[in-house]
Amino acid sequence: MSQFCFMASRDPVSSTDSLHLYRRAADLAVAGERVSLFLLQNGVLATQSLNDKALRQAYEKGVSIYADKFSLRERGIFANELDDFIEPLSIDEWLRRVISEDHPKLIWH
Amino acid sequence: MSKILSIVSTAYRATQEEQDDAGLWVNRALVNGGAEIDLLLQGSAVNYAVARQDPTGLVIGSVAIEHPAIPPQDLKALQAGGMQVFADATDIEAYGLDPEKLEPGVQLITKGSIAGLFRKYEQVWQW
Amino acid sequence: MNNSITLCIMDPPYESANTTTAFRLIDAALRQHIEVNVFAFEGAVALTVKDQMPHPNPVHGTTVEEEKHPTTKDLVVSLFDLAESMKADLNWVNCGLCVDERGTGNFIDAARRGGPPDFLQMVQSSDTTLVVPTRRD
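Residue numbers (my numbering), protein chains in the order written: chain V, 1 to 109; chain U, 1 to 127; chain H, 1 to 137.
No lab work stands behind these hints, which were simulated from the structure alone. It cannot be assumed that every hint is accurate.
List time: in silico DSS-like cross-link candidates among lysine-lysine, alpha-carbon distance up to 27 Å [claimed, not checked]:
{"#": "1", "chain 1": "U", "residue 1": "Lys76", "chain 2": "U", "residue 2": "Lys3"}
{"#": "2", "chain 1": "V", "residue 1": "Lys61", "chain 2": "U", "residue 2": "Lys120"}
{"#": "3", "chain 1": "U", "residue 1": "Lys76", "chain 2": "U", "residue 2": "Lys111"}
{"#": "4", "chain 1": "U", "residue 1": "Lys111", "chain 2": "U", "residue 2": "Lys101"}
{"#": "5", "chain 1": "U", "residue 1": "Lys111", "chain 2": "U", "residue 2": "Lys3"}
{"#": "6", "chain 1": "V", "residue 1": "Lys61", "chain 2": "U", "residue 2": "Lys76"}
{"#": "7", "chain 1": "U", "residue 1": "Lys3", "chain 2": "U", "residue 2": "Lys120"}
{"#": "8", "chain 1": "V", "residue 1": "Lys69", "chain 2": "H", "residue 2": "Lys68"}
{"#": "9", "chain 1": "U", "residue 1": "Lys111", "chain 2": "V", "residue 2": "Lys53"}
{"#": "10", "chain 1": "V", "residue 1": "Lys69", "chain 2": "H", "residue 2": "Lys73"}
Let the hints inform the model, and build the full structure from the sequences given.
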């Protein structure tokens, strides 16, 4: 089993392929891989947009969803406003989680 | 050496003044150095597979861009070096491209199959 | 436990949040005593140019001293200082062809000139590699 760590930096409204990214993450999880999505930069805007349904679907299929605390704060999104399936992490916390695995695949979007 | 899938999604970014697509160029350099890499074209970069393109002839002031990037030729060279080149069939359709007019050897793969492709590689790099 | 990471970055200074994130990642990795290799490609070769200078901000009405605007080369130097204090390795290679065509050869002493073979070597010696693309679409 591999670990796929997607780093979703693009805002999901102006970047239409963000939805494809979430679906791809979900497909990998369904196939048995360990998959996470780290929303950062404008990617955290997905936590409030109409597209957060797609994020929830990815979560329900087994994708861990994280959001960068700094990017959230920078954009006025507070942790208590997040849906419960989104875990806010600092970049240090995120790095600690992914780097503890063997050869994680880090994929920027 | 690990097997790598490189994804190029943005097309024609500074290909005139660079006289190359940076993503295609660096992957070719890495393959020349012994890396095992296959390529996936997505987004506007699927247009790189269109066989007949003519980017030549640009002159700025008195300076001519004499060797602009010709992406289908670059793809051909990459394939000759052993690289498999895939293109996102969903994006090909979205851009209204005729599969008959694409560079031979480019393998079309649907968006739904890309997750499966990812699983075959040890690293996935987005350029 | 992973002990090394390679990053390939491409964005020029002051143009993209990607650069800030890359710096944050490098900082976090060094603080966790993870060896970091950076291959600066394309516009990213300008991140370490010695000739960068801070400026005042007439819109804010601030002087250079008041504005306190760190240049990207200051940030990279600071990352090298952090590496030393954490006893972690930071290796920074600027792609030489990219340096030449951009005229950014006067870069900080801690960085060195190289090319794709250096990136390949970094990849082969690292536990994982992250490519941060510059994208405009």
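Now the hints, each set against the structure:
no.	hint	in the structure
1	U/Lys76 - U/Lys3	20 Å, holds
2	V/Lys61 - U/Lys120	21 Å, holds
3	U/Lys76 - U/Lys111	23 Å, holds
4	U/Lys111 - U/Lys101	20 Å, holds
5	U/Lys111 - U/Lys3	21 Å, holds
6	V/Lys61 - U/Lys76	39 Å, violated
7	U/Lys3 - U/Lys120	8 Å, holds
8	V/Lys69 - H/Lys68	25 Å, holds
9	U/Lys111 - V/Lys53	20 Å, holds
10	V/Lys69 - H/Lys73	26 Å, holds
The structure fails hint 6 only (numbered hints given earlier).
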